[in-house]
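K.L.:
If you want the building blocks of each chain, they are given just below.
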Amino acid sequence: MSSVWSQKDRVAPIVEVRGLSIGFAGANGGKPIVTDFDLTVSPGECVALVGESGSGKSITARSLLNLAGEGARTAAHPFEIMGRDARSFGEADWRKLRGTVTGLVMQDALVSLDPLRTIGQEVAEVISSHRILTDPGAIRDRTLETLGKVGIPNPADRALQYAHQLSGGLRQRALIASAIAADPDLIIADEPTTSLDVTVQAQVLQVLAERIREGAGLLLISHDLAVVAGIADRVIVMRNGRVVDSGPTRDVLTHPRHPYTRQLIAAVPSGQSRGSRLASARFEPGAVDTTALAIVREPLPQRQAAGAVVLEVEGIAKSFTAPKAVGRTKSVVLQDISFDVRAGEVVGIVGESGSGKSTCAKIVLGLLPPDEGEVRLLGEPWSSVAEAGRRRLRRKLQYIPQDALSSFDPRYRVKDIVAENLPGSGSRGARRERIVSLLDLVGLNADYLDRLPRSLSGGQRQRVSIARALAAEPSIIVCDEPVSALDICIQAQVLDLLAELQSRLGTALLFISHDLGVIEHLCDRVLVFQNGRIVEQGATEDVLGRPQHAYTKSLLASVPDIQRGLRADVAAA
Amino acid sequence: MTAPSHRAFDTAVPLDVPEDLAGFETPHPSATIGGPRRVRLGLILSGVFVAFLIAASIAPSLFTHFDPLVGDFSEGLKPPGWAHLFGTDRLGRDVFARTVFGTRYSLLIGFGGVAVGLGAGIVLGIIAGQRNRILDEAVSRLFDMLSSFPGVLLAMLIVTFLGQGMLNIAIAVGIAGIPKFGRVVRAQTQLIRDADYVTQAAIYGLSRWQVFIRHVLPNVLVAIPIIATVYIGSTILIVSGLSFLGLGPQPPTPEWGVMLAESRDVLRVAWWPGVFPGLAITATVIAFSVIGNHLQQRFEGRLA
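So the sequences go chain by chain: A and B. Residues in the first sequence are numbered consecutively from 1, following UniProt numbering. Residues in the second sequence are numbered consecutively from 1, following UniProt numbering.
Treat the hints with care, since some could be wrong.
Derived pair list, reagent style DMTMM-like, types lysine to aspartate or glutamate, alpha-carbon separation capped at 20 angstroms [as the list claims (entries may be wrong)]:
id	chain 1	residue 1	chain 2	residue 2
1	B	K78	B	D67
2	A	K362	B	D194
3	A	K362	B	D196
4	A	K149	A	E210
5	A	K96	A	E80
6	A	K415	B	D196
7	A	K415	A	E473
8	A	K396	A	E380
9	A	K396	A	E420
No lab work stands behind these hints, which were simulated from the structure alone.
I would like the entire structure built from these sequences, with the hints used as guidance.
P.N.:
Written out as structure tokens, the structure is:
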């Protein structure tokens, strides 16, 4: 089929949009959600759209496919796709355009791929429905070729599998395969690596970079500046539906003009930010002209020295037996895990999904008995006694979960949530005072007492969750990915809060995270988990600064980093 | 059990404004598409009708000055008109008065039946929803057994054992309703038993019993009024059916099912003694169903 769509124009931009505004009738008081947005993507170029959740980046990208949502009102002048005026497009034109000119890759491959079809069928559909090829044999060849192109090993076997049978990384690659099967000129990738482990993320980014080298345009939507640094030619920073900063990646990331962009860059936790407040970061005046970023941060209060051992984990192991239907296979989740945590210490656990971090947390919390080994809390037996025997010590061991909202009883107000964990009885007035002082401690105030957690923002919910943990006056708090669901600026505020309270109160933290930057920023010691074993442990600077184990090295190498990303760009050029 | 949708509401935080001030929710665009909410006429009518039903069952004499039990033979089988709004039956009793006074029986037995079914259903459902596989199997098979009989048949069987009368008929329809309520409560219990906030409560050091009373039970029970409203209509229908068969209140009680049964002999010459109580049953069932379905839709997904 020869239409204007299949003609590749190497010079003219694929997309050119000026003054784009998107609104919904009745929503946002009739005001548009996105205003005055300009975008040009040329062949072989990657443009990144950066911003926090709610900034309008996804809806902007979707409007390029006319998929902004039911009732969306878009306006722009010009709005050209492959040199044609998109404002005159009917639904049939848009349909023709999706897949052939623009391919969309979304964040969650499991829900984006049809559960009733194999990934081969999924990719073949794109090829056959656009009548790019009609011969079944040719479609098959093209399907396998596409699956191979995105780095799926044994495409002929994998093509017969369903999305749920694949790992997260392969699934995401299959989704990319279906987006590029019809060889689109523009790939729109909406947070394509957000739910992936760092090593898999690196592989997926590699696949996308390969497409750019072959001449496709890429519009990459991300909240992660480090990911963007390594791949994007130009960056557009969005906030509240407006562009606040844009330009070549190097300029934006090394000479950020807008304070918001500076804040975004400075709020990223890393080894450099250790011992200082992330949210306090400022750029040194005059330092803007140098190539390296000079960020000035306020220091955190002095840390207390590590004290007596609070938590001892000795040789714990855990395995699960799969149900009969799956063949009763035994899988070992944890093996020979030993470590201890001292008073006033922050110990990090880092590892990819499936490495056993969360199972370890559950055993430490006494929610799951270990198969072997023992956990001791404050020198007393913990994992080996019955729940009734543990109850007395429960207050000393608290928990901050990733998803604060689901850990709150939906009927409870903020005051009830905190009050439930307050020890002793005391008078009503005294309890209320104590609750208010706890809320003060986490940066909230008495106005929040009667709020329902649903009506709070993500950062505020996590603050309530911290206040709840502190209410029990614990010796140690287990934090399971407490900031990984938060936007970067809010993450900075919550991390600052945790670090400050930790140094003031001397509470030990067992901090689980997949984010090496967060671990490096916060932890004194770190344990690296792989396949249920601790492969390396020690002081954070040693383990992450001079890694000994091959796995730690590969983990570190996969973490995107703004500086390294920019350097690699120079090397490639 | 995570609720990823909630965290998407994090609003952008201005640089110089503390996070507290930015803590409002941004509504999802699709929530506001479609303009102003449609006025639901059916819902309003149903609400008004149910209000009248409740008023009629508390103070029926407000609506009519006729005695439902005493008639004037000379006035027998008068068609609907100004003197008798719904006409009179064979014994000259005012059909409107009998219909109004009958509301009390239908609602009382209907609510009573639902209460019996709910009470037993909640207890059994919670037992089945615990982590004990044997108890779950036993209770669930009991539900299967009960629901394998058609509701009317099962209630008839039970009334045959217990004997006639209002209380017995309420118990009978209640037992027939146990599996409906029990299954919902079981599912709800299983859902909440595994919720993150229940795990969190265990970390506080609450005992299993405290966790159950404070967190599991109240969150299971929030769904109950909605389920109850949905089933009241069908319970009233079964009650009327049983009364029609002579298993409920006995003549001359002005119960709707009884009135239907009495009207059978004269239906050939006079339609009104049967049609009006029949309409009353139909309208009551529809009104409760409309309200119940509305509640269910409105609160769906917010209860878990």
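K.L.:
Look at each hint and say if it fits the structure.
P.N.:
Okay, the hints, checked on the actual structure:
At roughly 16 angstroms between alpha-carbon atoms, K78 (chain B) and D67 (chain B) fall within 20 angstroms of each other, so this suggested pair holds. Annotation: proposed proximity of K362 (chain A) to D194 (chain B) holds, straight-line Cα distance about 14 angstroms (limit 20 angstroms). Between K362 (chain A) and D196 (chain B) the CA atoms are separated by roughly 13 angstroms; this keeps the pair inside 20 angstroms, and the hint holds. Annotation: proposed proximity of K149 (chain A) to E210 (chain A) holds, straight-line Cα distance about 9 angstroms (limit 20 angstroms).
With a C-alpha separation of about 15 angstroms, the suggested pair K96 (chain A) and E80 (chain A) falls inside the 20 angstroms cut-off, and the hint holds. Restraint check for K415 (chain A) and D196 (chain B): the C-alpha separation of about 19 angstroms stays at or below 20 angstroms, so the hint holds. For the proposed pair K415 (chain A) and E473 (chain A), the alpha carbon gap of about 17 angstroms is at most 20 angstroms, so the pair holds. Taking the CA atoms of K396 (chain A) and E380 (chain A), the gap is about 12 angstroms. The hint holds against a cut of 20 angstroms.
With a CA separation close to 15 angstroms, the supplied pair K396 (chain A) and E420 (chain A) stays within the 20 angstroms bound.
Every hint, counting from the list given before, is met by this structure.
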